[in-house]
Each structure stands twice: as C-alpha cells, then as structure tokens.
Amino acid sequence: MNKDVIIGLFSNIKGHGPLVHHLTNNVTINDCANATLAIGGSPVMSTSIEEVADMVQLADALVINFGTIDDQMYEAMVIAGQAANTKGIPVIFDPVGVGATPFRTERASNFLNKVKVNIIRGNATEVYALIGGKAITRGVDAGELSISKEKLALEAADKLQAVTVISGETDVISNGISSVQIENGDIWLTRITGTGCMTASLIACFAGITDDWFSAAIAGMSVMSLAGENAKNSLQANDGIGTYRSKLMDEIFLMNEAVWEKGVRFK
Amino acid sequence: MNKDVIIGLFSNIKGHGPLVHHLTNNVTINDCANATLAIGGSPVMSTSIEEVADMVQLADALVINFGTIDDQMYEAMVIAGQAANTKGIPVIFDPVGVGATPFRTERASNFLNKVKVNIIRGNATEVYALIGGKAITRGVDAGELSISKEKLALEAADKLQAVTVISGETDVISNGISSVQIENGDIWLTRITGTGCMTASLIACFAGITDDWFSAAIAGMSVMSLAGENAKNSLQANDGIGTYRSKLMDEIFLMNEAVWEKGVRFK
Amino acid sequence: MNKDVIIGLFSNIKGHGPLVHHLTNNVTINDCANATLAIGGSPVMSTSIEEVADMVQLADALVINFGTIDDQMYEAMVIAGQAANTKGIPVIFDPVGVGATPFRTERASNFLNKVKVNIIRGNATEVYALIGGKAITRGVDAGELSISKEKLALEAADKLQAVTVISGETDVISNGISSVQIENGDIWLTRITGTGCMTASLIACFAGITDDWFSAAIAGMSVMSLAGENAKNSLQANDGIGTYRSKLMDEIFLMNEAVWEKGVRFK
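Residue numbers (the numbering used here), protein chains in the order written: chain A, 1 to 267; chain B, 1 to 267; chain C, 1 to 267.
I should point out that these hints are in silico values taken from the structure, not numbers from a laboratory. For each residue, glycine too, the CB sits at the ideal point set by N, CA and C. Check each hint, because a few of them may be wrong.
[To be verified] Here are some of the chain B residues that sit facing chain A, going by a computed Cβ distance under 8 angstroms:
(1) ASN34
(2) SER48
(3) GLU51
(4) ASP54
(5) ARG245
[Unchecked claim] Pair ranges (Cβ atoms, derived):
(6) B:GLU169 to A:ARG265: 46 to 56 angstroms
(7) B:LYS3 to C:LYS116: 54 to 64 angstroms
(8) C:LYS116 to A:ILE187: 50 to 60 angstroms
[As the list claims (entries may be wrong)] Dumping the calculated DSS-like pairs for lysine-lysine here, alpha-carbon to alpha-carbon at most 25 angstroms:
(9) A:LYS232 to B:LYS134
(10) B:LYS134 to C:LYS87
(11) A:LYS262 to A:LYS232
So that you can see chain A by itself, here it is in the shape it has in the complex (with noise of 0.2 angstroms):
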C-alpha cells in the first residue's frame, strides 16, 4: 500500500466526479446515491435490461450489489456486468446475504462465472461462501467461521482474482498478494443499515479514477469507517440511530486528504 497514492484519490475525486452506476436493492438505494454525492461522485441507478447496457456506456465504475435481487435484476446484472467488462470499466461486487439462502450462493456463483469482477466487499461469512465455503450466515448478518479474515481475504483474492474487502471490527483488503488492516470503525456502523453498501459506492467512486483497484478499495473502505468513527465522537447525550445516520453522512462529505491522514490507523 502506498499512501501518497490514496492521498492522490482524494485530491482528484471531487474534480473528476465519477458516475458510478448501481444495480442495487431497494433498501438501501437512496444511502448509497448520497453516499456516492457526499464523497463527490455521480449516481445512476436505472435495472432496466433494456438500458443498463447503455448506461454502463456512460459510467466510469459499476457497483453490483445483491440485497434484493430476483430474476429480473439478475438478468440485468449480468447485462451490465458484461457490458462493464467490454468497456473496461471496474464491476465491484457486493454480495449481500450470499450464503444465507442457496438461491443467493448459486447466483453468485453463476455471476462471477459470467461477470469479471475486479472488487468484492462482504462480510466475512458471505466472502466465505462465495469461495465455496460453509458459515452459519444468519440473514444479511455476519456469521462465524473457523477460517481467520486475514486469511480469509488472501485467499478469496487469489481464487476469484478481484480485491476482496472483508468489512468488520477490522477491516481486511487483499489483492491476494498483500492485504491491508484497518482499524477504525465503531460498533454503531452496525446499527443502521446500509454502511456496508454505501462502502461499496464509496469503493466504486474512486475505482473509477484509477486502475488501482486496491488502492480505491483500501480508500473508500477507509473513508466508512473512518466517517463512522468520527460520526460516532460527534453524537452528544442523547443521539440514537437516527442523528448518527446524520451524521455519518456529514462525516463522508467532510472527508478529504487531511481528515483521512490524520485520522486512518492502519494495523
């Protein structure tokens, strides 16, 4: 990792303005569109199978994102995807609930079959399931598992060839060679929905102003649970949920090259 490198990402994001297409669910669409304006990118988030292929053609970064697919969605995820492959663009793969139903793990299975896909980030137990392996997932929820995340993300990375991020109390980016700690985060990123989606926006935001996938997935999983701490440090007595959600998207939006280097605690 090279931190003059991710420091370059945030002077250069706000200027290039990455349009970052999603297929993504329903419950969290509206979060990662701001989450993608807060960190100075485009939104787009159209699944029809009759457009996305044209979409694709104006974006710079495509996040794909299972919450809740069907077979439509799907069928246009595999659209888009392969249309994102042609043109070069990076597809970041977000596979929520993989392992919790064999209809989620066998899709998944199936699309990166048919999708390259260079950025993967999950939880350790739905990264888990996507290289075939068998964790108690229970719903959308982390699970355990007997493999370390270290490990774990080294591994991923060199099966499927895509930088995996595995979100949690540490967060773990591999490129299959080497892997990256971070040690920021608060509990609370748990306690609303969607921060691991909006990691994925954030992620494809700055993947889409390099080529080095790694680097942009070490930036924009730093920048959520940088954010989230420094959200949490700015509650006062009193603030639930509601204000914290709030706030952790005024955190993403105030976040630049000073905040980050500042604040950012590698392992």
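Starting from the known structure of chain A, arrange chains B and C on it as the hints suggest.
Below, chains B and C without anything else, positioned relative to chain A:
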C-alpha cells in the same frame, strides 16, 4: 395486560436480536430496516419467490406490508406467509390502503384465506375494510367510519382470530377478549411517512421473542407512540419533520424498560 | 405571474390536503412522500397496473417520474396518466435521465403521445431531449447545450403545450407565452439526491388545488429553491449533506406565505 411481561420483553430483546423478515413496500423499507435495528432486531427484506421460503427458515417473525404490492410481490407474500405458518413463527400483517381500491381489498381477503395471520396493524378504515366494512378511505390515510375504534378492534380480533392493533390518536390493541388503549403519541407521527409501517416492524421484533403476541403488540405499538411523543418534546424552535424523523429514530433506539415504564400511559 | 395567487395557494394547501399519486423511482420515493407531507399534501405511491386507475380516481394530481422505469412501470404510467386525463386532474411529468439512453428518450416521446402532460419539470438537458434536441447528457445530471434556458423553457412549453419548469442555478418556468425566473437556490441542492424529484411532488401538491398550473409550478419550484437556500443558511460548521437533507425537509415544512413572500427573489 401484564406490565411486567412487557418490561421483560424490553430486557430481552437486545440479547435475542430477533431476525425479522419483511415483504414490504418500497416507500418506507429503509425506515423499517432501521426501526428494526433501533429496537434491537435484525432486518431481512428479500422478496424473490425463489428464496423467501428459505429466508423465513432463518427468521423469528415475518412482516407482510401491502403498501406497494403487485402480482409478483403478492405471490411471494403468500409463499413466505405459508412458510411462516409451517415453521410456527408469527405473521404480522399491515393492510396498507386496504379499502382504497378493489384490488387491495380482494388481495387482503385472499391473503387472509391462505395465510394464518397472528397480528394485524392498521388504521381504523383499513381494519374496518378487512372485516367487510365499507368506509370512505382516502388513499393510505384513515377515513371516517361509524363504529368506535374500541369495538372495531375487539370485533376484528375476534373475527380474524388475530391480535388487532389500530393506530390513531388513541391506539387500541385487542386480542378479541380484552383490549388496551394507549394514550401516548403525537400528531406529527402522521406528518412523516412510515410510522405505521415501522410500528409493524417493532411489533414483529417483540413477537419474535415471545409467544404472547398480545403483549408483543402492546409493546411495539407503545414504543412508537411514546417515541413519537418524546421526539416531539425534544425538538427546538424551527425544527420541522426532517429533524423529527431523525429524533424519532433516536427515541426508538433509546427506548428501554425504564423509559417505557416512566412514559407509557394506558387509558 | 400574480404573486397574490401564489400566496393564496400557500393559504389553502394545508386545508385542502391534496392527494398526490406518484409513479416514481425507487431511489427517492421516500423523499417524495415526505416532501408531499411537508408541504401539506398526502402521498400515494402504488404502481400495480391492476389498481393505478382506481387510485387515480382518489387523487388530486399525478406525478410521473422516469427515474427507474422498466416495461412494467411504464405500462402502469400510461394507464395512470390516461386515467388522470379522463378525470381531469393535472399530470406532472419528471423526465429523469431522458436523453441519456435511447430507451428513455423513446419512452418519453411515446408517453407524451399517449398522455396529455400538464406540467413538465426537468433539468435543461432533459427538457432539451424532450423537444428533440441532442445534448451531451451524463447520466441523470444536466449536460451542456447551446440554447439558453429561457428560450428552451418557452419553446418546450409551446411545443409540448405544458407548463415547463427547468431547474438550475436560476430556475425558469414558462407557460409558452410568458416566463418567470427564480433566483433562489443553493449548489447543495445538487449535492443530495432527490431534490428534483421532490420539486415535482411539491408542484403537484399545488397543482392539485388550482387550475392555474403556471402559478402552481412557480409555487412548487420556488418552495424548493428557497427552502434549499434557507436550509443552507441554517447549517453550522462541520455540517454536511446528512444534516442538510434533514434541514431541507424542515424548511419545506416551515414554508408558508410569510416565509415565501419575504424570501423569494424573481429575476
């Protein structure tokens, strides 16, 4: 009603972390997810007909909300509802807008024939429509009707064999034999979208950790009304419904046995 | 433009509580519902082809927003639009992203052939695409074009026989004969998602209580621009777009004839 039972629910909910599967509308789905998290539950919102039955196997309670149903969603709701019945987890039904169009009224009737519903939460006109009454419903808002809410709740609970919750200025909860009325609340709860839907989620969280669905319904309904009142009291001059929304979520998050016991007012 | 007419709309809207039916995108649907409530209207968002015509019978205005259309949604939009035409309630059309893909442009053209639209609200490139112009559109954001916004609004209003609202740094509203320009606003209105969509909802609320759609359009557009400005002015150091979103909704809620008359600036 036994207050100690409800206090026990507050003591247990965060430890249990009930998983609540939702098939709900796309207007307030994010609010429902966050309300579930705020009270201590874990939300899942998948709707694909290919996986809802499997997802129900992981869940402690199921919310069915008619807000933006179409044929495909309805089909998934029936599958999920029947899976919940088989598994023996409670089904909480929110008949949004029933009575407003023949489509909604017919589908609701159909649904009640196919799925055993354990708790119903609606406004007075929606519940009236469920038992065959014809009120003047205006969209998704409550219209006027000639039967008292107390009598309606009792009659509906008896007829539909489900704990029935009627939200309003005074909330009424009935199990068909006895009824409870909650005097908390604030008119501003009607000035933002989603408070009814979130109430169903809260009820489902409590219903996911007990077989005493009457107590669960009282707990969930009273959390929303008391939180709505506390949120209003916490506002400052020039705050409007944007701030109110955040504060409402804060107050749900801050709710516990002490806050509840001190603030709840039964008639 | 007659300022007294607009002041009259503010006096009447909360008493009338216009019911606004929306067929809109799933990114900002919650924001649209809350904006409708904030100004004094009542939102309905059902989209099933089996009931949209019935729901329109209950409504005072209809919003058609192309943000995340697919074939099924488009079909429902045509049914709802034609029902609104038959009933004689105003149709407000938000051509989100039109010009960005052939699919969108063709569907918009098709829609305008099948449904009589009374008010159009978009950014300059979207409106330009509606009248057959080819601008460089970039996703859902405004691109650049060679015609002035003033001339475009006038021409579009005349050609499409609909009051035309072009949102931007200066907002232009034209009825094809005369035009009005609003100088309020803030760049932060472009840094959160949904402000355009919410503007269409606000316009629809006013259009639901008068036949003077030109005044309704001016009222709705100016509420958003003035509220956006007031919200920005109410921010404190270290507030970002999370807090801004809440404050914007607060300011829409607090808007009335006095606030409007004091703050609005026409060019």
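Here is what the structure says about each hint:
| no. | hint | verdict |
| --- | --- | --- |
| 1 | ASN34 | holds, 6 angstroms |
| 2 | SER48 | holds, 4 angstroms |
| 3 | GLU51 | holds, 4 angstroms |
| 4 | ASP54 | holds, 4 angstroms |
| 5 | ARG245 | holds, 7 angstroms |
| 6 | B:GLU169 to A:ARG265: 46 to 56 angstroms | holds, 51 angstroms |
| 7 | B:LYS3 to C:LYS116: 54 to 64 angstroms | holds, 59 angstroms |
| 8 | C:LYS116 to A:ILE187: 50 to 60 angstroms | holds, 54 angstroms |
| 9 | A:LYS232 to B:LYS134 | violated, 50 angstroms |
| 10 | B:LYS134 to C:LYS87 | holds, 23 angstroms |
| 11 | A:LYS262 to A:LYS232 | holds, 17 angstroms |
Hint compliance for this structure: hint 9 alone is broken.
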